Each structure stands twice: as structure tokens, then as C-alpha cells.
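Enquirer: Chains as they are written, first to last, in this note's numbering: chain A, 1 to 372; chain B, 373 to 665; chain C, 666 to 945.
No wet-lab data here; the hints were simulated from the structure. As the structure is a computational prediction, the values presented were derived from the model and not from experiment. A couple of the hints might just be wrong.
[As the list claims (entries may be wrong)] When the alpha-carbon atoms are kept at most 27 Å apart in a straight line, the in silico BS3-like pairs for lysine-lysine are as follows: (1) A:K287 / B:K528; (2) B:K446 / A:K229; (3) A:K358 / B:K423; (4) A:K184 / C:K727; (5) A:K184 / B:K423; (6) B:K416 / C:K727; (7) C:K813 / A:K287; (8) A:K166 / C:K845; (9) A:K358 / B:K475; (10) C:K727 / A:K337.
[Stated by the list, open to error] Pulled from the structure, derived: some chain C residues nowhere near chain A, Cβ distances all over 12 Å: (11) A710; (12) A761; (13) L810; (14) W897.
From the three backbone atoms N, C-alpha and C, an ideal C-beta is built for every residue, glycine too.
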Amino acid sequence: MKVAVAAGLVSTMLAGVSLVSGGANAATKKVDWATVTSAKAVGGMTALIKAAKKEGHVNVITIPLAGWANYGLIMKDFTAKYGIHINDANPNGSSAQEITAIQQDKGRADAPDVVDVGTSYATENMGLWAPYKVATWSLIPSASKDPNGHWFDDYGGYVAIGCDTKVVTTCPTSFAELSNPVYKNEVAINNDPTSASAAFYAVWAASIANGGSYSNIQPGITFFANLNKIGNFVPGGTAATAASGATPILIWWDYLQNGVASSVPGWKSVIPSDGTIAAYYTQAITKDSPDPAAARLWEEYLYSSIGQNLFLQGYARPIELPGMIANHSVNQGFLAKLPAAPKGAVTFPTMTQVNTAKATIASNWASAISGS
Amino acid sequence: MPGALFRTLRTGAPVLPFLVYVTLGLLLPTVAIINLAFRSNAGKLTFNNLKVILCVSNSTTCSQYRVGFENSLKLALVTSIVPGILGALIAYAIATSKHELFKRLTAACSGVLAQFGGVNLAFMFIASFGALTGVATHWLADVGFNPWDHGFDLYKLWGVAFVYMYFQIPLMVLIITPAFAGLKESWREAAENLGASSWRYWRHIGLPVLAPAVLGGMFLLFGSGFSAYATAEALTTGTIAITPIQIGAILQGNVLSGEANLAYALGFAMIVILLISVIGYALLRRRTSRWLR
Amino acid sequence: MASLVLGDAMEHEVVMSEYSRGNPSRTWIRRVHWGRGIALFLAAAYFIIPFYAAMQFSLQNKYGHFSLQPLTQIAQAPGFFSSLWLSTQLAIATMAIVLILMVPTMIYVHLRLPRFRRVMEVITILPIVIPPIVLIVGVDGVTPLWLKSSQYLLALIYVVLAMPYVYRSLDAGLGALDLKTLVEAARSLGSGWVSIIWRVLVPNLRSALLSASVLTLALVFGEFTIASLDGWTTIPVWIYLAPTNSPRINTLVAMMALLATCVVLMVIVSFDRKSHSRRS
């Protein structure tokens with residue numbers, strides 16, 4: 001009799017346990033994180049963090065270790081917070097190399113999980129991305145993201161004119177002023193407009209200042225050709241030549257001008273008054289990501305107010321800035337340090353306009369400057 | 373003739389590892405590039421890439437590729453002839469020097485400098501010959517001859533050639549030095565005994581022996597000057613159309629997305645041009661061996 | 666390298682002054698000596714001035730005053746030692762592979778297939794003429810996946826790039842030996858091939874081998890394009906990456922690397938000088 005009762009008790013217990021565990025199993029059914037399009041759908045941030053920690057690492061690519069939108073600190077903070085190690089391949093590589101890496105490293109454990117690329121590289125390779133919408137999705141302007149979540153802008157800035165106040169008596173504040181003969185041999189763009197995003201947009205900003213528009217980059221090319229003819233423009237501009245005094249006026253992204261300021265006391269930068277253009281970089285999660293949960297957690301982190309504020313600390317404008325100002329999650333101290341943005345809402349050229357501009361600069365830049 | 377074939381294979385067998393390695397490491401990749409040059413983005417076979425880079429249509433949207441080839445060839449030619457001659461002269465001066473330390477220094481450093489280039493080389497020259505703050509520019513201006521006032525421009529094609537000499541001359545020194553070993557002193561003694569002056573010795577013996585090696589070295593410099601990328605890019609930042617820079621902008625850039633196959637076509641064109649220079653080199657080497665054996 | 670490969674040419678120096686005694690062309694020769702001095706001076710100036718300008722920039726603090734501080738900051742830069750270690754590993758691997766591949770092949774060719782020498786020469790010229798930016802694309806296209814994840818793929822590519830220099834060194838070295846006699850003597854004493862190569866030929870080829878190794882070293886520690894395109898942080902790539910915020914430190918590291926490689930190679934070259942004088 002006792003045995004029967006005991007057996008009955010045990011079986012009930014077992015049944016109860018299986019019921020409970022069965023229920024729990026239903027809730028923690030194996031999630032294929034590679035197909036998850038939002039954390040909410042599969043148990044929220046807790047589940048995501050748990051799965052990401054289990055994966056243990058995330059593969060990023062071409063993220064500079066220093067001097068670029070505070071990524072150095074962002075990566076450190078992420079690892080400290082979640083214990084997930086970040087593998088950064090080819091830290092100074094280009095967007096083109098990111099795409100190549102994804103295509104060639106397919107199936108490898110160190111293939112990139114996420115990318116940070118120039119926008120056109122994301123929109124032209126839609127087949128490589130897995131759709132995902134971060135928790136703060138609504139704070140990203142609709143023009144800055146793919147409606148289905150395949151790509152989304154992260155941070156950016158304006159083209160700015162930097163100037164070494166120790167060498168240059170009056171710093172130029174507009175493109176028009178650059179033609180002043182007092183700036184002979186002093187004006188440079190950082191790097192090459194046909195291969196560096198910042199330089200490309202610098203020419204575009206100059207175009208807007210000279211009668212051009214989002215559909216026409218040629219006036220910018222003509223402007224610099226003229227600047228070269230009168231002897232003001234100097235090729236070969238880099239942060240090093242700015243520091244050495246060879247190019248005391250350097251046109252670059254505003255958030256990178258501060259890197260120059262740290263090695264050149266007296267370096268000031270200003271967004272030109274007659275031609276402004278902003279460009280944002282773009283994030284995407286790769287479809288064959290080896291660490292899908294960690295990749296998604298990384299994106300959640302970048303788009304959280306912590307991540308976005310860290311970009312702000314690096315003088316870059318996080319994409320959610322307007323929303324963060326509205327809901328008071330922005331770090332006012334960091335915001336105050338940013339150079340004054342032009343009034344009005346930010347507009348961006350469309351992809352078609354970008355492609356036209358790219359083709360124009362590829363075919364006309366060298367010939368215009370060399371005068372041939 | 374199976375016997376002869378078998379014998380050929382047996383004689384050739386020890387060379388096989390080398391041939392296999394070269395096939396895998398050089399031939400195969402080259403074939404891969406040629407294949408990609410003739411494919412569109414979608415992977416279909418097409419001549420379109422070639423049509424664009426050769427600018428068959430003559431439109432302004434592709435003329436930069438033709439200009440690029442012209443500039444690259446001009447640059448390669450200048451940086452093969454001038455550093456070639458200078459390198460040969462410097463190599464001779466080194467070979468005939470009696471100072472051990474000097475020889476050791478140049479031996480070690482020519483190897484290192486021949487590989488040097490890129491952003492750092494460009495910066496070195498901007499820092500020394502730049503218009504605004506160049507150290508040498510200031511020294512020269514102090515003695516009344518500012519090169520920039522007399523047509524010197526570091527960022528134009530000849531300026532780039534000026535910078536290229538920094539690795540082209542050491543490369544030439546490296547290549548040509550073994551040739552001086554072939555100039556036997558016994559020939560010199562014989563010439564002197566026959567009453568020939570130094571000038572006649574060089575004209576009839578020295579130069580004819582060295583010329584093929586010097587010309588051969590120049591072909592190598594041509595290839596090196598044609599393919600050099602990082603230095604020109606850092607110096608000119610795209611303001612001169614040069615083929616390697618155009619390739620780099622597409623394959624390594626952040627602006628021109630979606631044109632990779634065009635870059636492979638440009639690469640294919642470069643390989644064709646360089647192969648021609650290699651053939652020229654091979655023909656000249658045949659003449660050298662006649663004298664040195 | 667020049668003096669290494671010269672080897673025997675040291676004994677065959679083209680001496681000019683000895684023949685000027687009592688010779689009407691003596692003044693011409695003295696003028697040539699003068700000319701040579703000036704030429705070498707100009708050449709030295711051309712090579713040293715840019716280096717000096719870069720050093721002058723980097724050995725300053727940000728206020729423009731001379732300072733050795735950047736020197737101390739080099740070692741603290743993140744990733745410096747790991748990229749130095751990577752370059753060292755690659756250098757050793759490349760040298761080992763290229764020598765094991767080339768030495769036996771060239772000995773054999775010199776002995777038995779002299780006509781193949783020219784073929785080898787042309788083949789080994791090709792790496793110099795194929796643009797690295799194009800080569801890496803081709804290599805990536807044909808390399809199997811398991812090899813692509815290894816850093817030693819770079820070593821395999823560097824072997825191809827080093828071939829032109831290694832071939833010339835070994836060719837000059839082998840040409841200076843009386844190869845047939847040496848080998849026949851060793852064979853008649855009953856040596857096997859491995860023993861012949863290792864114990865007879867290699868010691869005699871010391872100059873050429875040293876020269877080839879030194880050139881390979883210079884290549885591995887100086888090659889930037891392919892390493893960066895393949896995504897590996899070797900020392901030249903690290904220098905370019907500039908993980909420090911300061912262009913001064915980056916430039917200083919680049920210049921120091923140049924100087925250090927020169928000095929290291931000079932030291933290695935002098936090993937050969939010593940052994941040479943011991944023999945003679």
C-alpha cells in the first residue's frame with residue numbers, strides 16, 4: 001500500500017515535473033538566432049544576452065582601434081559589460097574589403113558578423129544581410145534605414161574645415177573663403193575623393209556651395225580644380241601633414257577633426273557656412289553570421305542610449321540624436337561639445353544621386369585637377 | 373618515343389616542386405584574374421569591362437582609364453631610365469669603393485629601401501620637399517633657389533617620379549651589382565697592356581658587357597614603377613590618373629562600390645603590358661649570358 | 666647584399682688608380698674620382714634628407730619642441746608586439762620555404778639542366794611584374810578556405826615575391842663555385858645527396874644564402890600591400906594602421922622600423938664578412 005502511494009506520489013511528481021519542464025521547454029525551444037528579426041519576438045533582451053554570452057565572441061571588421069567615433073571605448077565597454085570578446089579584423093580596412101571578406105570567408109568561424117560600411121555598399125549587397133530591428137528602431141529616421149531591417153545607419157557627421165590657428169591667422173569658415181590667395185599651398189582634403197568617403201563628400205559639399213546640388217557634384221570638382229590652379233590646393237593631405245604644418249587647412253569629417261586637435265594644439269574646425277553635407281555610415285548583420293546572437297546584441301548595444309551617447313562622446317552624430325534629444329536620453333555634456341550643426345532637418349542624397357556623383361568623380365576628378 | 377619521354381621526365385623531376393609552386397602561386401592566380409576581367413558583376417562572360425577601360429566609345433565617362441595608362445607608362449618609363457642609369461653608376465661607385473663599412477651599409481640598406489614606399493615615403497617627401505614647410509625647400513630657398521618657383525611640383529607626374537627614385541635606385545643597385553662581378557679584372561689588365569685608355573676600355577669592353585644587365589635591370593624597374601601603388605596614392609590622393617590608383621580605388625576604397633570587375637580588367641591590362649616588358653627582358657638576358665660564360 | 670653577392674668581385678675589384686701611374690689620363694681619372702665623390706654625396710643627400718625631415722617631425726612634442734617622448738610611447742602602442750611577432754614568424758617561414766624550394770632545384774639545374782636556367786630566370790622575374798594589388802585578388806580567388814584562414818598563406822605568397830631576389834643571389838653564388846668538381850669529389854668519397862648539399866655546398870654558398878635570407882627578411886618586414894589586402898596585421902601594416910592617435914608616433918615607428926631593419930641586416934651581412942676574411 002505504502003509502495004503504491006509512494007509510486008503514485010513519485011509518478012505525479014514526475015508528471016508534474018515533465019509538465020513544468022515541458023512548458024519550459026516550449027518556451028526555451030531552440031532559437032535559430034540567425035533568423036531572429038527582433039529580440040522582442042524571442043524572449044526579449046534577457047534571452048538575447050544569454051544566447052550571446054553563450055556564443056562568447058562577435059566578429060567585427062575594419063573598425064579602427066583609435067580615433068574613429070570613439071569605437072575604441074565602445075568596444076571596451078561592450079566587452080566589460082557582457083564578457084563577449086570582440087574580434088576586429090583588418091582594423092583600417094575599407095568598405096570594399098568588408099564586402100570581399102564576407103564573400104570569401106563564408107562558412108568560417110571568423111567571418112564577419114556585422115559590418116559598418118558606406119551606405120552604398122550596404123544597399124548594393126542586399127543579399128548579404130539578415131533583417132533585424134533593434135529595440136530603438138523607431139528612433140532611427142526612416143530615410144536612414146531599410147524598411148525591412150536589412151541595413152540601418154549608425155553615426156555620421158558633417159564635412160568640416162579644420163584649421164591650425166597657430167599657422168593660419170584667419171581661419172576660413174566657408175568654401176568661398178578658401179580661394180583667398182593668403183591660403184596659398186595650405187588647403188587640403190584628407191585623402192582621395194575617389195576612394196575615401198570623407199573626401200568624396202568634401203567635394204560634394206564644395207559643389208553645394210558653388211551652385212551644385214545633390215544631383216550635381218561637378219561644381220565641386222571645378223571648384224577644387226580652380227583652387228589647384230591658383231595654388232591654394234595641395235594634394236596628399238592626411239592627419240600627419242596637418243600635424244606637420246604642411247597642410248594647415250584640412251577638410252575632413254567633423255568628428256575626425258578632433259583627432260587632429262589632440263596632436264595639434266590650436267586646431268579648430270568649423271562646418272562651412274555655404275555648403276554643408278552630412279553622411280552616415282551603415283550597419284548590417286551578415287546572413288551567414290557565425291555568431292548571430294552576439295551580432296544582434298552588438299547592434300542592440302550600439303543603438304541603445306549608452307552606445308549612441310558613446311558615439312556622441314567621439315564627436316560623431318549618432319543617428320538617433322534627434323530622438324534622444326526629444327526623450328532626454330542624450331548626454332548634454334557630450335552634445336555641447338559638438339560644433340554647431342546647420343539649422344533645419346538633415347537631408348541626404350538618394351542612392352541614385354550618390355551613384356551618379358560617384359561616377360562623375362571617378363571620371364572627372366583626376367582630369368580636372370591635373371588640368372588635362 | 374616513350375624512352376625519351378621517360379628520360380625527360382626523370383631529368384626534369386627534381387625541378388617539379390619549383391614548377392608546381394610557381395603554377396599554384398603565380399599562374400593560377402593570374403588565370404583567376406584574367407577570368408574575372410571578362411565577367412560582369414552577375415558572373416556572365418562579357419567584353420564590356422575591356423571596352424570600358426580601353427574607352428572604345430571615346431566618351432568622357434571612361435577617358436580617365438586611357439589617361440591612366442598613358443600616365444602610368446610615362447611614369448614607368450621615366451622611373452626605369454633615370455634611376456636605372458643613376459643606380460648603375462651608384463652601384464659602380466659602391467663596387468669600386470674601398471670602405472668596408474660603406475659597402476656593408478649600402479648592401480643592407482638597398483635591400484630594405486627597395487621594398488620601401490607608401491604613406492611613409494610620401495610623408496617623408498612632403499616633409500622635406502613640400503611647398504609650405506619642406507625642410508629642403510627652405511634650405512634651397514635660403515640659397516636663393518626655391519624649386520617650387522622654378523616649376524617643381526611634388527604632386528605632378530615628375531614629382532612622383534622624383535619620389536619613386538627612393539626605391540627604384542636601390543632596386544637597380546640590388547639587381548646590377550652581381551653584374552660587376554662578371555667584369556673580370558683580367559680583361560682590364562689586358563686592355564691596359566694593349567695601351568687602351570680608361571675610356572676605350574669602357575667603350576669596347578666594360579659597357580658592352582654591362583649593357584645587357586643594365587638594360588635588363590631597367591626592364592625590372594619599369595615593371596616596378598608601373599605597378600607601384602601606395603606611394604603614388606598617398607602623394608597624389610587621386611589627383612593624377614594612374615592605373616594602379618584606379619584599381620585601388622575600386623578594390624580597396626570606400627566610394628566606388630560595385631565596380632570590382634572593372635578593376636580586374638584594369639589589372640589584366642597591366643599584366644599584358646608587363647608581360648611585354650618581361651619578354652623584352654628575356655631577350656636581353658640571352659645576350660648577357662654570351663659574354664659572361 | 667651588394668657586397669655579399671659580389672663575393673669574388675671583392676677580389677676582382679675594378680681598380681682604377683693603379684693604372685694611372687705615368688699615364689696622361691691621370692688627370693682624367695682624378696676628375697672621375699672627384700665626380701664620384703660629388704655623385705655619392707648627392708645620392709646620400711637624396712636618401713638622407715627625407716629621412717631627416719620625417720625624424721625632425723616625429724621627435725617633437727605637440728608644441729613643436731624637440732622631445733624624445735614619442736620614442737617611449739612606441740612600446741605602449743597596442744598591438745605592436747603581436748604584429749612584430751607575426752612578422753617574425755612569417756619571415757622565418759618564408760625563408761625556410763623559399764630556401765628549401767630553391768636551393769636543391771638550383772643546384773640540380775646548375776649541374777644537370779643548364780638550359781633551364783634561363784627559363785627559371787624569366788619565371789622568377791614574373792613576381793616583380795605582377796602588381797601585388799592584382800596578385801592578391803587572384804590568390805584569394807583560388808585559395809581553398811582552410812588555407813585562407815591561416816596567416817601562413819602570406820608566407821606562401823611571400824615565397825613567390827622573394828623568388829626574384831633569391832634566384833639571383835643563389836645563381837651568382839652557384840656560378841662562382843666550381844660545382845661539378847665539388848660534387849664529383851664528394852660523390853667519389855661516398856656522400857649521399859643530402860649530405861653533399863648540407864655539408865659541402867651550403868657552407869660554400871654561405872654568402873649567397875645569407876644574401877638571399879637577408880633580402881627575404883627585408884621583403885617580409887617591408888611588404889605592406891598584400892598583407893593589408895589580406896587583412897593581416899604585420900609590422901608594416903601596423904605602422905600604417907596607426908592605432909595610436911598621434912601621427913608623430915606613427916611616423917617615428919615607421920622611421921625606426923626602416924633604421925632597425927637596415928641595422929639588423931647590416932649586422933647579418935657582417936657575419937659573412939668575418940667568415941670571408943677567415944677563409945682568405
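Enquirer: Taking 12 Å as the cut and beta carbons as the points, is C:A761 off the interface with chain A?
Expert: holds (26 Å)
Enquirer: So is C:L810 really clear of chain A, every C-beta pair being over 12 Å apart?
Expert: violated (7 Å)
Enquirer: Is the nearest Cβ of chain A still more than 12 Å from the Cβ of C:W897?
Expert: violated (8 Å)
Enquirer: C:K813 and A:K287: Cα distance at most 27 Å?
Expert: holds (20 Å)
Enquirer: Would the pair A:K358 and B:K475 pass a check requiring their Cα atoms to be no farther apart than 27 Å?
Expert: violated (51 Å)
Enquirer: Quick one, are C:K727 and A:K337 close enough, alpha carbons at most 27 Å?
Expert: holds (22 Å)
Enquirer: Between A:K287 and B:K528, is the straight-line Cα distance small enough, at 27 Å or below?
Expert: violated (45 Å)
Enquirer: Measure nothing beyond the straight line between the CA atoms of B:K416 and C:K727; if it is 27 Å or shorter, mark the hint as holding.
Expert: violated (55 Å)
Enquirer: Next pair to validate is A:K358 with B:K423; report whether the Cα-Cα distance is within 27 Å.
Expert: Cα-Cα ~20 Å, so holds.
Enquirer: Under the criterion that the straight-line Cα-Cα distance not exceed 27 Å, is the pair A:K184, B:K423 satisfied?
Expert: violated (41 Å)
Enquirer: Between the alpha carbons of A:K184 and C:K727, is the straight-line distance 27 Å or under?
Expert: Judged against 27 Å, a Cα distance of about 24 Å means the pair holds.
Enquirer: Against chain A, does C:A710 keep a CB gap of more than 12 Å to every residue?
Expert: Its Cβ never comes within 12 Å of chain A, the nearest being 20 Å, so this holds.
Hint violations for this structure: numbers 1, 5, 6, 8, 9, 13 and 14, all remaining hints satisfied.
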